[in-house]
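K.L.:
Sequence:
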Amino acid sequence: MFCALLSSLALVWCEEHEPDFYTKPLSNEPVQSEGNIHDEAYRGYTGWMQYQHSMESMTKGLVHGLGMHPEENAFNLLHTALKELWEKFLNSISSGISDYLSIEHLGLILKRLAEQGEIYNTVLSLYIMYNQGPRNYMPLPQSDEVLLCTPDTTLDMVEVFWRRSLYAENSKIFCLVNAENLDYDIADKAERKLQTLMTSLKNKGRMYKLVIVCCTNSERKSVIVRSLGNFYRPSFRLPSIQKINQYLLWKLKIANTGYQASSAAVVDFDGCTVRVVKSNRAGVGKTLYQKRMVTELTRLTQRGYIQRPNNLTIPLHSKSVDVDEIMEQLMKRTSLPGNQQPTIFHFDISSEVQDGVDSFLFQLLVLGSLTTSYGYVWRKSVMDYYIIESLNVLVRDPFTQGRDLKYLHNFLQVLPHVMCRSPKESLMILNGRKPPNFSEHDRLFDTQEYQSSTFQRPYKCLKGLGVNSRQDADHPTNPDDEKRNCLLTLLRYCGVEDPSWSELHHFVSFLNAQLKDFTVSVFCGAAAQSDLPGFQKFVLRFLIQMSRDFSTRSLVISEESPSCHVVNRGDNNEDNDDIIQQYQMRHKWEARPHPYLFFNPDHHSMTFLGFYIDEATGNLIDQQTGEILEPNMMDQNLFKSLKRNNVNLIESFDDLPRQEKIIKLCQVMGLENAYDPDDTYELTTDNVKKMLAIHMRFRCDIPVIIMGETGCGKTRLVKYMCSLQQPPGIDVQNMILMKVHGGTTGSDIIRKVKQAEEMARQNSMQYVYMDTVLFFDEANTTEAIGVIKEIMCDKTLGGNPVQLHKRLKIVAACNPYKKHSPELIKRLEQAGLGYHVDANATTDKLGQVPMRNLVYRVQPLPQSLLPLVWDFGQLDANVEQMYIKQMVLRYICNNNLPRLQGLETVVSKILTASQSFMRSQKDECSFVSLRDVERVLKVMSWFYKQSKDKKSMLFSEIKRRTPEKQRRNVQDGGTFARYLTVNKDIDDVTRSLVLALGVCYHSCLKKRKEYREHVSRYFVHPLSLPGKADQIKEEIEKCQLVFVENMTLAPNIAKNQALKENVFLMVICIELKIPMFLVGKPGSSKSLAKTLVSDAMQGNAAHCDFYKSFKQVQIVSFQCSPLSTPDGILGTFEDCASYQKDKNLDKFVSVVVLDEIGLAEDSSRMPLKVAFIGISNWALDPAKMNRGIFVQRDVPDREELLSSA
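Numbering-wise (the numbering used here), the sequence shown opens with residue 31 and increments by one.
Read the hints as simulated data drawn from the structure, not as lab findings. Cβ coordinates follow ideal geometry from the N, Cα and C atoms, glycine included. Misleading hints may appear alongside valid ones.
[Claimed, not checked] Simulated restraints, written as ranges between beta carbons of each label pair:
1) Q272 x K464: 49 to 59 Å
2) T246 x R222: 24 to 34 Å
3) P623 x L495: 20 to 30 Å
4) Q359 x G656: 35 to 45 Å
5) I658 x A558: 21 to 31 Å
6) T775 x S1147: 24 to 34 Å
7) P707 x N662: 40 to 50 Å
[To be verified] 27 Å max Cα-Cα, derived BS3-like pairs, lysine-lysine:
8) K1173 x K975
9) K1103 x K968
10) K410 x K567
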């Protein structure tokens, strides 16, 4: 009885004090100790290796020793005895007899807790069993020994794994990893099955080894983990990173496989079948390493060492690794049995990939197999060589509140790797200053690149600057072994303090292209030195300066070499704006001078642009600002010599006749037929410099990535540049415009590239010197931006090397990275339905910034593209006014507007003033462009046409109406003279412009009175406006009243301001097929206006004669939601288009109404990729709203509420 009582007390005490006897969990920092894993990990369980006692004998001995003597304190004795009992129990749980299960004999269910990033290191640590040397390492775990759980893991898969592990006849250790990821029902059933099998095996005395590993963050979520609490074992110290790396390196070497002679891994410096190629930044030679390995394998093939090698590159761009997509490409390269070919597999993991990398690499490289969701299995071959390319991506550790950094993809650190160093790091290493983690295999200055003429010609020229630069530049061959001096020279001149290899390559490429012409130009030769003394040195200094300008970064990228690429995935608000700051412009186009000197295609003559030389001082001066760019650039003797040879160095490009501008532009571009393809396009110095900057990047094969606000003229400039190359009078297409959006996929981009490739091939057959341009507009709005980077930087398509046609050029235009102001964000969050998801909870983010807080919905640019981005700049106010005047003249010449003297001048000034006022606003109205001007002129010409159309009743109705407000004002004693002034009739042209301004500008503003007062000052003859600002308001209100009063309204519908304006704008936009965005809070008559317009606009069948002159409308509504897809919206448009088929489009129109369109924009699927009339509770992306009329319904004031009541 006493023994039974003591046993019960002992059990209770042991359960309470169990944690006190466990080994304290150790730090997760890498441990340098290389001790025996039994000593380190299992030191607290020495009884696992002792077999002297059985459990029965141990129990009897311990209990017998609890007898008490009368003179002793019973409580103290019991306390001491229980403590001794527990210690002996812990040391005996692994006794060798058959009455207990142990990891050495019968197996031990172990719930091993680990941090998520160390899950796979923990699994590997179970297989690193001995320290007697690498030859005694256990084999790598295989796919049948480890089950990686995911939410898609089925019950059958878990049950099969239970049976395999519990009934195994060998000594394998089986691991169930990430148990917390199992679905609840599956985990519950799997746990019950496990308990049943364990009970059965215990009775039969079978032995097994099963380990269950889960993440410390999620242990409470797993049914299996909770149910196996009795088998909990504390965290043990993991082997060091170096030890795991040594283990993997030994096991992955081809020397240990028996396939050394025929494996593609013979090209690896360690003979390892896996190599991670990593760097701390983009553009430092990771892809070049893969190319060198492929070249080396090809060389061995030619010598007969390797038979028929292959290589396959698989780029990973999406946020999560999709094994099915990878398998689809791998299956295409699967060799038939008995016909295996050595293959280099290259996995390019971009910095945008955040989830699934560790799991994918562990399955592929360690377990040796991949399995698709539909059952296919792909197994790794020892004849293959795997190159994993990745940046060192760090994240802020949430456990330390973001103070510490840790690797995002932790498993990459334990795989055999090689480091690629930047030019500055390489120079330090060549100088003998090696970093702590330096390895003799680190990739520095590539020998082939160093020996190429691309590097040697600029190096020789810069090295001998001031000695005999032409002679040095003329002999780029036989380079001596001066890598250190070469690097030092290039870094001194390139203009970037710490460039990447790609940036340095672009600098020398541009300079090399110019130096080729420099070396053959007769004007820079020795024969011309007597006539043009010092001209050679002047040209060379200019070429270097221009090369620096082309290689200077535009974005805010740290000039110091970043230690690693840091991604913030936590909730640290202080770092939330880091990603936005990363994409801000360091150098605005307008803020920097751009003096250009280009060699023409004849390789002798030159074209000067953007500067002039002051004759008195010889200073190089910017043509637009007058700023001194370089003092004493040219001496007077050279200036006079050039002047005698008819070289005008004080010429102003803007003052030249238009035809001469085109001739100069065509000279640089190598075009024989200098003609003007579009006389409405303004050829300013700024535009021509941008065209030539793009052209020179084309010549030097430098990717063209331009960033600018929507509507700033990017597309128009490239279109004009392409049109210049088209033969006069011949209809040839040499530009493909791809409007990229959130729904654009990688396959869409690849399909468009192939189309452009075919077009370039066809064009080059007929016109040898014609370029074909593929223009990606708004390229950074799609998650597939990585595919564009792959094409432009890596010259691959879907991982396959492509040799694009030499006449195919690619341009990518990006939207800026901007956040809304805090006030605007607050107002948007109060707008209504779309912001039901908290900003911190939404997954639709750029870094940690919610997409809806951004001005443009954009995706992060790949790291390789950042140094290549250059600012396109804003449209200058004077240039914009010239464009506006050209547009007005076009409408007048086409007889859409009357030929009144001075009309184009007055209209252009009014529109320029309107554009200026809109840009001064602090909300979404500030995003305007020339598209708005085009819409004003389109609406103005429509109103003017209505005034001359005898069938139309619009203008006659307006003239005979007096707004209700004015009538009340006179009745209440208002000034009659003012009434007459405001209502003094104006001519039809003025009224047309006033109403057009009301549609395109006035309707979207909150401060409407300020706009009216601002713009009314510019109404002068022939557009006189006697009533000034008040008359603008009254004319708009009268027109709105006409549209509403000619509708049949129910008695309970008030003709308030919101309804009148909504109806007015809907009718105009439907008539002219202009996309419209109607933004306002619930209850602001948006849907009511849509219903009324649909009923009224029935063409000849309309209830009112007034609407019989308007088109018949067929409205198709689509209710948007966060679940809306691009296909759903596109299908609605296709249905709508089918209604218009075979109809007279002058009398019939189908309209798509996207209700609650803001909900669709908040969808991660980004479905808003087509034109529409949208009804929303808040404003959308300016890149969308800029394509249509934006109508903003504010909260009604007291007067409007009274009117509605």
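K.L.:
Next step is simple, just say for each hint if it's right about the structure.
P.N.:
Hints versus structure:
Checked against the hint of 49 to 59 Å, the C-beta distance between Q272 and K464 comes to roughly 18 Å, which is inconsistent with it. A C-beta distance of roughly 25 Å is found between T246 and R222, which places it inside the suggested range of 24 to 34 Å. Separation of P623 from L495 is about 22 Å and conforms to the stated range, judged on CB atoms against 20 to 30 Å. Taking the beta carbon of each, Q359 and G656 are about 58 Å apart, not inside 35 to 45 Å as hinted.
At about 27 Å, the beta-carbon gap between I658 and A558 stays in the expected band of 21 to 31 Å. Restraint check, T775 to S1147: a C-beta distance of roughly 27 Å satisfies the suggested window 24 to 34 Å. In this structure the hint that P707 and N662 lie 40 to 50 Å apart at CB holds, the actual value being about 42 Å. For the hint linking K1173 to K975, the alpha-carbon distance of about 23 Å falls within 27 Å, and the restraint holds.
The hinted pair formed by K1103 and K968 meets the criterion: a straight-line CA distance of about 11 Å does not exceed 27 Å. The suggested pairing of K410 with K567 is violated, with an alpha-carbon distance near 60 Å, which exceeds 27 Å.
Hint compliance for this structure: hints 1, 4, 10 are broken, all remaining hints hold.
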